[in-house]
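For reference, the chains in residue letters:
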Amino acid sequence: MLIKLLKYDLKYMLKNMSAFYILSVFFAITTRIFFNIEQSVIVKIIGQISLGCMISMIVSVLINTMMRSWVRFRSSLYKDEAYLTHTLPVTKNELYNSKFILTFIFFFVSFAVILLSLFIAYYSKAAWQAITDYIKVITTGLNMSTFFFVLIALIVIFLEVFNAIQCGFLGIILGHKMNSGKVGFSVLFGFIVYLVAQTLVLGLVFIYALFDNTVMGLFKTATVNIDVNAFKVLAILSSALYIAIITVMRIICKKILNRGVDIE
Amino acid sequence: MEFTFDNNIPIYIQLLEYMKIYLISGVFKCGEKLPSVRELSGLFKVNPNTMQKALAELESTSLIYTERTYGKYVTEDRELIEKLKDEYANTLAKSYFEGMKRIGLGKADSIKYLEGIDE
Amino acid sequence: MNNMELLEIKNLRKTFDGKEILKDINLSITGGKIIGLLGKNGAGKTTLIKLINDLLTPTDGEILINGKKIGVQTKKVVSYLPERTYLNKQMRVSEVIDYFSDFYDNFNADKAKRILEDLDLDTDSRLSKMSKGMQEKVQLVLVMSRSADLYILDEPLGGVDPATRDYILDTILSNFNENASVIISTHLISDIERILDEVIFIDKGRIILQSDADKLRKSENASIDEIFRRMFRC
Chain A
1 MLIKLLKYDL KYMLKNMSAF YILSVFFAIT TRIFFNIEQS VIVKIIGQIS
51 LGCMISMIVS VLINTMMRSW VRFRSSLYKD EAYLTHTLPV TKNELYNSKF
101 ILTFIFFFVS FAVILLSLFI AYYSKAAWQA ITDYIKVITT GLNMSTFFFV
151 LIALIVIFLE VFNAIQCGFL GIILGHKMNS GKVGFSVLFG FIVYLVAQTL
201 VLGLVFIYAL FDNTVMGLFK TATVNIDVNA FKVLAILSSA LYIAIITVMR
251 IICKKILNRG VDIE
Chain B
265 MEFTFDNNIP IYIQLLEYMK IYLISGVFKC GEKLPSVREL SGLFKVNPNT
315 MQKALAELES TSLIYTERTY GKYVTEDREL IEKLKDEYAN TLAKSYFEGM
365 KRIGLGKADS IKYLEGIDE
Chain C
384 MNNMELLEIK NLRKTFDGKE ILKDINLSIT GGKIIGLLGK NGAGKTTLIK
434 LINDLLTPTD GEILINGKKI GVQTKKVVSY LPERTYLNKQ MRVSEVIDYF
484 SDFYDNFNAD KAKRILEDLD LDTDSRLSKM SKGMQEKVQL VLVMSRSADL
534 YILDEPLGGV DPATRDYILD TILSNFNENA SVIISTHLIS DIERILDEVI
584 FIDKGRIILQ SDADKLRKSE NASIDEIFRR MFRC
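Top line first, the protein sequences correspond to chains A, B and C. What the first sequence shows, in the working numbering, is residues 1 to 264, in sequence order. What the second sequence shows, in the working numbering, is residues 265 to 383, in sequence order. What the third sequence shows, in the working numbering, is residues 384 to 617, in sequence order.
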C-alpha cells in the first residue's frame, strides 16, 4: 500500500513541480545561448534577463519543493482530502512514510535539476577548473580527499533540509492537534520546532566542546585557521545530532498521528 | 408504471395491495413463478426487505407459495384469486354507489351513468 | 457473520473544547438493512459518522465493526460518502477510478464506469471542471461501486433535484448487496423514508429512538417524517 500511496504522491508533486523544472532548464539553455553568440547590446540584455529568470526559477524550485511537500502533507492529512486519506485501508504510518519518502525523492530531483541548470548555463573548462581548484584549496587545508569533502558537504546539506521538512511536518501536526488546524498555528509551531531543533544541535555541540578543546577552538576563533580534526568531529557530531533529532521528531509525529486525528 | 407510496401507511401494506392487484388482473398468472425479491423490489423501487415482508404476508394468505430453493409461485388455486377479485370488485362498486348517493343519485340513475361511459 | 453485529457502538462520547457533542451513544446494527440516521442539523449525525470513519477520535467508548476495532481491516469493508467534496480536484474522473481500484479490493471499476455513463458524466473531465452537484454524483457512484459490508452516506440528498434524488435512491437500492447495511443520514426525512428498514432518531447528541420503520408507522399511524416533527417540534 505504501508504494500505491507514493505513486499518487509522486504524480501530484511531478504535476506541480515539472513546470518549474522545465523553465529552470529552459532559461539555463537560453542563458547559455545568448551569452555565447556575438555581443550586441540587445543579445546581452536578453542574456541577462535569461540569467535572472534562471536564478529565480532555481529559487522557485527550492522553495516549492519544500512548500509543496508541506502543503501536500497538510492537505491530504487534515483538509478536505483527509476524508479520503484517513478512510483508505492503510495505516497512519504508511501515510506518514509516503509523505516523508516523497519529500526525500523530490529533494534529490530538485537538487539534480538545479545542478543541471547551473551546469548548462555555466559549464566551461575554465569554470570547472576554478571550482575544483577552490575545493582543492579547502580540502588540502583540511587534509582530506575531495570525495570525502563533497560527501560530507552533501550529507550536511541534506540533513539540514530534512530537519527543516521534519520540523514543518511536526509543526503541522502540533498546530492541528492544539488549535484545530489553523494555518497560522501550524506555521508558528513549525518555526518553534525548528528553532528548538537548531538550538538543541548547537547547544549539544557546545556542551561537547566544553570537554574537547580542539572543537572549542572553533567557537572561539574567528580565523580561517580551522583544526582538521575539530572539523571532522564537528561534522560527524552535528550529523549524528541531526539524525537523532530527526528520528525523535519522527517518533513524536507517528505517536500523535496513531493516537487518532480530529478532522474538521 | 409509476408507483406512489403514502408515507403515512406502512410501505409493506401498500406493496401488498399492489401485488394483489397484479394477481387479480393476471399480470402474475395462476401457478406462475414470481420474479425474485430483488427484481420485484427493483420494479417497485422499494427496499428488498420491505418487499420480502409484503411477500411473506401474501404467503400467509396462501395467495403465493414458496417452492424450496426454486422461488415463489402464484397459487394454483384459481378460486382463491377469483374470490379476491370478487371482494375487490364489490368494494369498488360499493364505493361508487356510495359516492353517487352522496350527490343524490339512486341506483338506477347511477347505472345509467355507468352505461354512458365509453370504455 | 450473521450472528455478529455489523456495527456496535458502546458508551461512545465525544467532546470538543469541553463541549459534549455526543453523549453516551449505544448502538448496534445488523447486516442487510437500510437505516435512516435522522436528526436536525447539529444533532450530532455527522460527528457520529466521522467517529465511525476514523476522522474523529472518541473521547470515550468503543466502536466495533464486524467485531474489530477501527483500523485497516474495518476500512476495507466500510464505504463512506462524506457530506462534502473530498477528492483531489486536479484529478480526472478516470484517474479517481484508478485510485479507488488501487486502494479498494472490492471496488468494481466497470460498474462505476457504467453508472457514470448512465448519468452522462464524462470520465475524461477533471473534477475541477465539474459543478459541485456533478462532483457529488461522481462520489456517490464511486462509493456505491464498492461491494462493502457497511455503506455510510452522509446527507446524500442535500440539495439535489427530484429527478436526481430518485436516481440516487435507485442507485443505493440496486447496488448494495444482501448482507450489507446502509446508513443514510439526513434531515430530509420524507424524501427517503420509503426505502428505510429502520430509523434512528438523534437529538442533542443522544440517540432518542431506534425502531423498525413500518412498525413505527403502524403504532403511531403517521409517517416517519411526521413522527419526527411531533417529537422535536421543528
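Honestly, the hints are just simulated from the structure, not real lab data. Hints may be right or wrong, so weigh each one.
As the list claims (entries may be wrong) - PhoX-like cross-link-like pairs, simulated, lysine-lysine; straight-line CA separation at most 20 Å: (1) Lys-423/C with Lys-587/C; (2) Lys-402/C with Lys-177/A; (3) Lys-79/A with Lys-423/C; (4) Lys-309/B with Lys-416/C; (5) Lys-255/A with Lys-452/C; (6) Lys-472/C with Lys-79/A; (7) Lys-459/C with Lys-4/A; (8) Lys-515/C with Lys-15/A; (9) Lys-472/C with Lys-7/A; (10) Lys-472/C with Lys-15/A.
Said to hold, decoys possible - Stretches of chain C that chain B covers, calculated by requiring three or more beta carbons in the stretch to come under 8 Å of a beta carbon on chain B: (11) 394-401; (12) 413-422; (13) 429-442; (14) 521-535.
By construction, the Cβ of each residue, glycine as well, lies at the ideal position given by its N, Cα and C atoms.
Structure-based check of each hint:
1. The hinted pair formed by Lys-423/C and Lys-587/C meets the criterion: a straight-line CA distance of about 9 Å does not exceed 20 Å.
2. Straight-line distance between C-alpha atoms of Lys-402/C and Lys-177/A comes to about 17 Å, which keeps the hinted pair within the 20 Å bound.
3. Distance check on the hinted pair: Lys-79/A and Lys-423/C sit about 25 Å apart at the alpha-carbon level, beyond 20 Å; violated.
4. Distance hint between Lys-309/B and Lys-416/C is fulfilled; the C-alpha atoms sit about 15 Å from each other, no more than 20 Å.
5. Taking the CA atoms of Lys-255/A and Lys-452/C, the gap is near 18 Å; set against the 20 Å cutoff, the hint holds.
6. A hinted pair counts as satisfied when its Cα atoms are at most 20 Å apart, and Lys-472/C with Lys-79/A qualifies at roughly 13 Å.
7. For the hint linking Lys-459/C to Lys-4/A, the alpha-carbon distance of about 15 Å falls within 20 Å, and the restraint holds.
8. Note on Lys-515/C and Lys-15/A: the hinted pairing is violated, with a Cα-Cα distance of about 24 Å set against a maximum of 20 Å.
9. Proposed proximity of Lys-472/C and Lys-7/A is supported: the alpha carbons are some 17 Å apart, at most 20 Å.
10. Proposed proximity of Lys-472/C and Lys-15/A is supported: the alpha carbons are some 13 Å apart, at most 20 Å.
11. With 0 residues carrying a beta carbon less than 8 Å from a beta carbon of chain B, the segment 394-401 of chain C misses the three-residue requirement, and the given coverage is violated.
12. Given as covered by chain B, the segment 413-422 of chain C passes the check, having 3 residues with a CB less than 8 Å from a CB of that chain where 3 are the minimum.
13. With 0 residues having a Cβ less than 8 Å from any Cβ of chain B, the segment 429-442 of chain C misses the three-residue criterion, and the hint is violated.
14. Check result for the segment 521-535 of chain C against chain B: violated, 0 residues qualifying (beta carbon to beta carbon below 8 Å, three or more required).
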